[in-house]
Amino acid sequence: MQPANTLRFALNDRIEDAEVGPAHVPLALLGQFQNDVGEFLAGSGKDVNLNQVMVAIEEGSLALVAVGLLTATTLWADVQQLQNSAQLGLIDPKRAAVMERWQVAARKNPHRRYTLADQSGAAIIRVDADSDYRDQTAAVWVEVSKYLHGQITDLGGTSKANVHLKLDNGKVLTIASTQKLLGDEELNRLYKPAVLRISAEENLQSGELRNLTLLGFEDSQPSWDATAFGELVRKGTQAWADVPDDWLESLRSGQG
1 MQPANTLRFA LNDRIEDAEV GPAHVPLALL GQFQNDVGEF LAGSGKDVNL NQVMVAIEEG
61 SLALVAVGLL TATTLWADVQ QLQNSAQLGL IDPKRAAVME RWQVAARKNP HRRYTLADQS
121 GAAIIRVDAD SDYRDQTAAV WVEVSKYLHG QITDLGGTSK ANVHLKLDNG KVLTIASTQK
181 LLGDEELNRL YKPAVLRISA EENLQSGELR NLTLLGFEDS QPSWDATAFG ELVRKGTQAW
241 ADVPDDWLES LRSGQG
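Numbering (our numbering), first residue to last: 1 to 256.
It should be emphasised that the hints constitute simulated quantities derived from the structure, not laboratory data.
Wrong hints could be hidden among the right ones.
Using 25 Å as the maximum straight-line C-alpha spacing, the simulated BS3-like pairs for lysine-lysine come out as follows [said to hold, decoys possible]:
(1) Lys192 with Lys180
(2) Lys94 with Lys108
(3) Lys94 with Lys166
(4) Lys192 with Lys171
(5) Lys171 with Lys146
(6) Lys171 with Lys94
Pair by pair, the computed Cβ-Cβ distance ranges are [said to hold, decoys possible]:
(7) Gly68 with Ala176: 42 to 52 Å
(8) Gln52 with Ser85: 22 to 32 Å
(9) Ala122 with Ser145: 18 to 28 Å
(10) Gly68 with Ser145: 40 to 50 Å
(11) Lys108 with Val140: 33 to 43 Å
(12) Leu215 with Lys166: 15 to 25 Å
Just so you know, these numbers come straight off a predicted model, no measurement behind them.
Glycine is no exception: its CB is placed at the ideal position from the N, C-alpha and C atoms.
When you get a sec, could you build the whole thing from the sequences and use the hints?
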């Protein structure tokens with residue numbers, strides 16, 4: 001599909017024996033629809049600046065017409081993918097989440113319908129009780145083991161033990177643990193750089209982690225034991241004490 005400048009989003013429904021439109025729409029539904037349209041346009045990559053997109057509200061249904069989308073190449077690529085409802089897992093995850101919400105809402109309400117149309121008014125995408133934009137989120141989650149670097153900002157818990165790890169990008173992850181694992185830890189890890197070994201489920205598309213569980217703490221830097229090193233040197237010196245120096249020199253020179 002070639003990028004265009006205009007994309008029309010329409011919501012059709014019937015509430016209290018009247019068609020939904022600009023003059024007859026519950027405030028909550030209006031707000032949710034506006035948020036969904038904004039999330040769909042922007043996507044995860046923010047390739048559409050919502051501050052620069054002009055929107056017109058049309059009669060006949062609750063319709064928002066977005067203008068200024070000619071350079072939004074990833075948006076139009078995803079719209080093209082949505083011609084096939086089975087390819088929901090191939091588009092931007094935020095846009096996929098909007099489509100999943102619309103599909104769930106349409107199946108609960110036979111009057112509900114969502115339509116995306118081009119600038120000529122021709123419908124490109126239609127979500128209703130008969131469409132099949134499936135929730136494919138579960139298909140892209142896999143079990144992984146990872147090492148996470150960051151700073152521990154909190155750990156413990158009376159009923160549910162967990163660790164709060166602040167990553168380098170500022171995001172804070174809550175990682176489930178056990179009281180025994182935290183109780184057996186000898187070092188004070190709080191407010192210090194740490195490396196955590198965890199198990200989790202990872203989304204293959206977005207990289208998002210869920211169901212994080214602590215497996216153990218790792219030393220971020222190798223510990224140095226001068227006494228142990230000295231003992232190794234002493235044993236090595238003793239073991240090689242009876243070896244002639246000229247033989248060692250021949251090995252070093254490659255002539256042995």
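Cross-check of the supplied hints:
1. Lys192 with Lys180: 21 Å, holds
2. Lys94 with Lys108: 22 Å, holds
3. Lys94 with Lys166: Cα-Cα ~24 Å, so holds.
4. Lys192 with Lys171: With a Cα-Cα distance of about 16 Å, the restraint between lysine 192 and lysine 171 holds, given a limit of 25 Å.
5. Lys171 with Lys146: Roughly 16 Å separates the two Cα atoms, so the pair holds.
6. Lys171 with Lys94: Distance of about 19 Å is within 25 Å: holds.
7. Gly68 with Ala176: 42 to 52 Å: 45 Å, holds
8. Gln52 with Ser85: 22 to 32 Å: Distance hint for glutamine 52, serine 85 holds at roughly 30 Å.
9. Ala122 with Ser145: 18 to 28 Å: 49 Å, violated
10. Gly68 with Ser145: 40 to 50 Å: Between glycine 68 and serine 145, where Cβ atoms are some 45 Å apart, the hint holds.
11. Lys108 with Val140: 33 to 43 Å: 25 Å, violated
12. Leu215 with Lys166: 15 to 25 Å: Holds, at about 19 Å.
Violated hints for the displayed structure, listed by number in ascending order: 9 and 11.
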